[in-house]
Structures are given as structure tokens and as C-alpha cells.
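2 protein chains.
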Amino acid sequence: MISVNKMTSPLGCAIIAALFFANCHAAGKPNFVIMLMDDMGWGDLGVYGHPAKETPNLDKMAADGMLLPDFYSANPLCSPSRAALLSGRLPIRNGFYSNNDHARNAYTPQNIVGGIPDEEILFPELLQQAGYRNKIIGKWHLGQQPRYHPLKHGFNEWFGAPNCHFGPFDDKKTPNIPVYKDADMVGRYYEEFKIEKSGESNLTQIYISEAIEFIEKQAAADQPFLLYWAVDATHQPLYASRKFLGTSKRGLYGDAVRELDFGVGVILNKLKQLNIDTNTLAVFSSDNGGATYAKTQGGSNGPFLCGKQTTFEGGMREPTIAWWPGRIKPGKVSHQLGSLMDLFTTLVELAGLTPPSDRIIDGISLKQTLFDNKPINRTIFYYRGDELMAVRVGQYKAHRWTWTNSIEEFNKGTDFCPGEIIANVTTHDQTNHSSQPLLFHLGRDPGEKYLIKPASAEYKSVMPGIMQEISKHQAALMPGKPQLNWCDKAVMNWSPPGCEKLNKCITPPPSAPVLCTWPH
Amino acid sequence: MISVNKMTSPLGCAIIAALFFANCHAAGKPNFVIMLMDDMGWGDLGVYGHPAKETPNLDKMAADGMLLPDFYSANPLCSPSRAALLSGRLPIRNGFYSNNDHARNAYTPQNIVGGIPDEEILFPELLQQAGYRNKIIGKWHLGQQPRYHPLKHGFNEWFGAPNCHFGPFDDKKTPNIPVYKDADMVGRYYEEFKIEKSGESNLTQIYISEAIEFIEKQAAADQPFLLYWAVDATHQPLYASRKFLGTSKRGLYGDAVRELDFGVGVILNKLKQLNIDTNTLAVFSSDNGGATYAKTQGGSNGPFLCGKQTTFEGGMREPTIAWWPGRIKPGKVSHQLGSLMDLFTTLVELAGLTPPSDRIIDGISLKQTLFDNKPINRTIFYYRGDELMAVRVGQYKAHRWTWTNSIEEFNKGTDFCPGEIIANVTTHDQTNHSSQPLLFHLGRDPGEKYLIKPASAEYKSVMPGIMQEISKHQAALMPGKPQLNWCDKAVMNWSPPGCEKLNKCITPPPSAPVLCTWPH
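Chains as they are written, first to last, in the numbering used here: chain A, 1 to 520; chain B, 1001 to 1520.
If you're looking for bench data, these hints aren't it; they were derived computationally from the structure. All residues carry an ideal CB built from backbone N, CA and C; glycine is no exception. Check each hint, because a few of them may be wrong.
[As the list claims (entries may be wrong)] Examples of chain A residues lying across from chain B (beta carbon under 10 angstroms, computed):
no.: 1; residue: P51
no.: 2; residue: G413
no.: 3; residue: T414
no.: 4; residue: G419
Here chain A stands alone, though its shape is the one from the complex (with noise of 0.2 angstroms):
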């Protein structure tokens, strides 16, 4: 580097860095915020279309960014869409995935053996190499066993849980998940951390809290920064603080909107306050599609089909926005075919860094996107545990195999797609179209109501190539070892690191792995 830049020249930056110890290596480099809700639907914000128009905050980040409605998870279930998020890779390569069944959306419940192998390069890793300072607030989800966690994975500092906040449990059969900071844990949700029935906690709060109290260190460091912000109010069971309670024309669900639509304020509002909003990538999203399997008390998918856990657009859509004062245009509307996936590239990218080239990288740069609104060319890949379900070319999208869930399930009381019933489509079969794909337009029909038949003009020239692409996927596609096979009692967390001083460990029971049930 010859650069004569005080700021980033190495005298300068000693100078700095002894100063502010900040890390020089990394100095002038762009912050990232990633804030990834939980379940939230695309339909949920204001700006996507939600009557109740509850989320100014977020209406405003778009106002003031760019909205990407054409925007998708890799997974439409949190911890393969985390997985992949992380890694800029689809579950299918990553592992984060399981063949115990075909098709079936597999996660890490505190009973899984499995998490992130440490052969996934996560791009927190990265950017921590290259001097960045990160953080994650909320939940992890990539494995809640110690080598899993996320100070071995690129963070710096954790606050929040390994697992989904269900419960409470009773210590005894289940232990109540823990909540870390950093290494140890510091509690347990239901105990230290409450979650009361009434749907009252604080932890959106807390985590606000968090995210403030990192970002303020970091600026007056001078320290480039990744936060992480992976809150989870909207995933049943919902929360929301006393302030919020009662207050959303939609009922808990939409005081939990409520309350996380006032952090994503709270957080750019402190960027611009510390003068570095123009040094600052805000990127806001989902997880997977809203859980309409919880009725009243689930995301809305706006004009999607069905939600969480299913391939069709409800399940994968996320209301995205991105935000970058100064380097992104206000008011920009991007129909770039995006994935959270592609944060990995584009982080990596905008930090200086090179994405990894020993290994198939599915996320791209949005550089061009954010900053150009320049289309770029991409297939989106719709996957559900082992199988390609469907996939996006353009407007089209081709439906290879078809499910919502088995009608045990659904006469269970299960429902993926609640009122909506699309003949040959939301099967309760898992039903293969795979040698004459079932295909959409979803510039017409975003619904994914309105089949075009095979026999039309219009099917026969689209879909050659859409058959093109997947079998340019399927021909370079290496499986990785599936990891969330095998299910455990013993690997709960009944000691997890810190408990000792807290007083907080059980005894778990012998190991006992079973190959995990994945119903869906």
C-alpha cells in the first residue's frame, strides 16, 4: 500500500491507533449493521404494504435508502437462512442442512448435535481479519454447543442466546436456553431473562441497549465495526417491553413490530448522531418468510403466497432496505434479484477484502446495485432440506417439486398457507414437477396463482432455459456433510460455559444421539 492518506498511512495510523486503539489495519474502512428480524414477514412494514403502517422508522430508513422488494432468504427457515447469510453460501453446500428425509427443513433446537463447521468461512472471519471489531446481538443459531458459538466464528462479543427463546421448561427434562455475553453465559431466558406470559420482556430493550453501547465504543475508537443486530421479538413466543405492550392496532405480533421498528431508529439515528451514518452500511431483513402457521400471532406476506417453511414466494421474500447516507441514493427502489447471501460478497467487497476462491460462493456483490442501481444477472435457488424446490430466472419462477406440508401435519392443525388453496400447488403431497416444472410469473401474478400452462408460447420459450440454469446448478453442485442429522439430549444446554459461576449447571443426561425427526 503506498497510500500517503494520514488516516490510513501507516505512521498515521499508529499514531491513531495508539491514541484511540483503534485497529489501524482496518482504519477508513466502511461499519456495517445488519439487522435481521426473526420470522417478520415481508408484508409487515409500512413501506411494503402493511395497512396498519406501523413502522415509520423503517419507512423512513427506506425513504432515505433503497427499498429491494425482489429480495430473498436462502432458506424459508432461520438457522440454514442464518447459516447462509454468514457464509455467502446456500445450506445445501454448507451443510446446514439434513437427508434423514427428503425435503425437510431441519434447524438447531438445543437437542442437535451439529452447527457451523469450521470449514465455513463466515464473513465475520473475514473482516475480523482485516481489523474489524464485530458483534452480535440477538440470536445466534448455528449451533449452540461452545465450538459452535460465535466468538469462534468471527465475533468479538455476543450478546443474546444459541437457541430460539421457546419455553420456559423446567430445567429437569429441557433446560431453559441461556443468554451469553461474550463466552459465558449470564443467565437463562424465563429465569434472569423473562419472558412472561402476558408477552411482556424487555429483552428488545436490552438488545437496543447493546447495539447502542457497541456502536458508541466503536466510533469513539475509531474502530471499523460489524454489528450484527439478530433480534427475535417477532418469533413466537412474541414479546414485547411494557411501553410497547398494547399499543399496535395488530396485537402482540405488531407490538413486537412496534418496539423493533423504534431500535432500527434508535441505531441510525446514533450513527448519524456520531457523524459516521455516511460511513455506514444499515442493511434491514429477514430471516424467512412470516409464520402464518401462527395465525394472528405471525408475519403477514403481504400479497405472497403461504409462509415460513415452504418455497413458495411467502416463505422466502424479506422486506429488505438497505441504507448508506450519502452513498446510497434516498428513495431508490432496486428489483435486483437479491439474497442475504449476497451480504457476504458485498461486505467482503466494500471492506477491500476477497471473497474465498478455493470454494462456490452463491452470494454476489450488490455493489453495483446500492450504489449504480445497475441490474446484474442471477438465479435465485428455492431450497427445502436436500431438494431444489424452485427457482427464479428473470420474472419466472419454476416450481420443481411442490409442498406445503403432509396433511398429517395439517390435520394436526399445521397450516403453511392459512385460506389459501392453489389446486397442483400447495400440495400436502410432495408432489414432482421437476420434469415439467410448474411455472409463474411473478411480475403478474406475484400471488403465484395463475399457472402458465406448458402447452403456451410463452411456457415453451421460457423454460429451456430456466432448465439451462438448473442444470448448470445441479452439475457443479457438491453437497456438504449434512449437520443437522443427528439430535441429542445430552447436548443441551444444561452447563453451558459460565454456569459454574452462576451457579446455573445441571447434570445432563447420558448421550443418547438419534437421527433428528423433521416433520416439515
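Starting from the structure of chain A, add chain B where the hints point.
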């Protein structure tokens, strides 16, 4: 009047009038622009969540004005909705219904005998008496027989047609619909006013030019005006001009939306350019929900159930925006329950006039809502023909009757709720729930999917108040004489006024009145 204001004092006014032909009576009064779309759905606008985000001018109108997400038409079908808008009264009062059969949607096809009764006072009449100059551009739909025409009911000018632009007809069995300039026809659709099979037509461009010319003339004369821009490109058969054809992600429907959005931009910009924006209330809305039965040729109702023809939210929730720079604060959202009928009372009040006191007016003044965002108590009544199907009070909606359409119509392919089936709700029988209405909370459940059980405490606490609203309404109701019962081929547009000059008169068949059949 003892005002000494130069502009409104009799003397000053006389001078102004002499100089600029202004009508003194009305000098200084605000202008009104009502932009009423045809079959456009709540979810068709970017600002209301359409994923294509192709309405930049409407989105800007909302950003500069007030969004009204809880705004309704008085009816799920065109003619009754428009009659209610102009009369401020429910169709059951103003006669725009039929009782040939129970709960049927009736309208004004060209063989309809009836039309808007002379006894109904339309707000253009009141404005006209107060010195306003009024123009309707586009679809009238309150009766095609000359005595029902706009120039007989409060309008000074007309450019457009009395009926929908169906066709082409053969002018033997059925005449093509005439297009009028004021009292006389100037041609017919598919003849002088082309709509090609491809969807190409320059009608929207003509409607835009007509609007601009009218506005410019009134502004030059300092003449207060009402412009009722009742364009119809989003009603089947869809059309757009060559410049817009093929430009939307959504196909022809989207092309039509884009051209109308363009027109909105042209009109609002003209108001600004003429410096009359700060003295003009512009309201954008639609006459009923998107025509879901038209599949990809119909509009989007966003997260709402079903569409046009039904009393579910998709049938009557309208994409409404109010705009008045300097008076309505920019970027506001009001969840006031509003109705197109409220335009009657609001405009009359804003013009300094008093609504008639000899009849029940269903519209309320939204002045407080628009200028102060203050909530006003009001109930929404959802009628289908002669039946009160549903009622909304606050966030609660109670269905007294449910019906989509008959199973015979459905089996013939007419589906008002494509892909949507809610047990007991989207019924193909007319189902009477009036003794125990179906209750929904539209805040938690905008899609009317999750019934609140009659045994629940919520139902028990809410329903008595709603039942009281229904009783009160029904006790005061004196249904008007139904105007849409009789049909006669002889009253079709065979020989409209002005046909002689164009040599376009056709001899009508002998009169043979029959009771109209309304299948829905």
C-alpha cells in the same frame, strides 16, 4: 356578507369578474380534483405495497399528502359506488340497487332503464349553484339515457362515456358505446375512439389532455372548479397508449396503472405550475376493489380477501390519498374509517356550503381528519344490492351475510376469490349469519381469515355494540326506490344526442322492458 377583503367583496369581485370572467360567487373557494380509478385495487400502488412499485407519482402524492389506508367505497361495484360518491348516500337510499333478487350487485349496462333520480342532490350541483365550474372526464355510469347525463346533474362539461367501454359491438344487435363532449356524442368506442385488441388506445392520454386544458382554463379565469377524473384504463378491456404498452413488470394491467400514475403526476404538477396547488384538494381513490376474477388482467387487493363484487375487504377497501399542499401536512397517515361518500360532505363543507338537511347523508366531513388528523367516530356499512352484508366498527368487522357467487357461476369460471377459501366465509351459498354475525379483527387479521369465536369473551364484549349500530342503522333506513330493476334493449345507445351531426344514429328496436338479471 360584510367582508372587506378585496378579492371576495362584491365590488372587488365584480372587477375581477369583468376582467377574468371569474364567477364572483365562488371566488377564493378551493378547487377540487377527484381522481377515481376503475377496478383498481388497494394493493396496486407502490405506497400500498405492490411489489412492482410502479407508481412513483402516486407514491409522491402520498409522501406530500395523506394516506388513508382504511378508506372504503360504498359498494363493491362501479355504478352504485359512483352514485354514492356523488350523492353522499348509500345506494340503498339513492336507489342505485336492485331488488329483483336478494343481495345482488346491479349496475348500469347500456340496456338499463334507470339512472340517477332527479331527487338526488349530487355535490356537483351544490358546487355549481355556488359558482363552481365542474367537469367530468371519463366514465359517468349513472345512467346512459340523456335525462341522467352529467350536464343534467351538476356538471358543466363532460368528456367521456356513459357506460363501460365494453365491446367491440356490431352496432346492429348492440351499439358501440358513445363518447360525449358535453351534451353531444363525438364518436363511439372502437370506431372514432379506438381500443385495439392488443390493448393499445390513447384514451388515457386524451383524458389527461382534457384535464390539463380544463384546469388551465379555470386557473386563467380564476374560476373555482371541480374536476372529476373518472378514468377507466384498469377496467377490462384494459388499455394503454403505445408509449406505455409493454413497459410494466405486470403486463397490460400494469401498463394501464403506469399510464394513470403518469397522468396523476401531470395533473398535480400542472396545479403546482399554475400556483393553485395550495388552493386545491386532490383526492385519489378507486370505485371498488380489484377485479380478482380477471386473474392477471385484474388488480391487486394486497393482503385483503377476495375482490370486486364482494363485501370482503378486497371488494371495498380503496387505495386512497388526499393531497393539498400547505393544508394537509406531508407524509401523514390517517386510519380514519372513511368512505367515498365522505367526499360529498367534505367538499360541500370546504366550499363553505351546507349539506341538504331534508335527507340522510351517509358521508361525514373529513375536514378534521385531513387538516388535524383527528379521529371521528363512524361505522362502515357493506351493502350488496338490497342487503346489509357486513358492518365495521373500529377494528371489528361483522358479517351478517356471506357470499362470493353462486356455485353455478363459480363452476362456469367466475371466481371472485381465486386461491382463497375460508371455511364458512367465502361461501357459494348466500349464508345468513345475522343472528350471530361472523366477527373479525381487521387489525390483527386484515385478510379476514381467523374468526373470533362466538363463545369468546372478545366476541361477547364487542358484538352487542355492533348489533346496536346495525339496529340503529336499520331503524332509520327508508330504502329508496330501486332504479336498477328494469332493462330494455330499446334504451341502449342507438341514437345518442349528437348522432345526427355525425351520421351515427341507429334505429332502436321496439321497447321490451324486462326485469334485469343480476347473477352476482
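- Message: For each hint given before, does the structure comply? Return the numbers of the non-compliant ones in rising order.
- Response: 2 and 3
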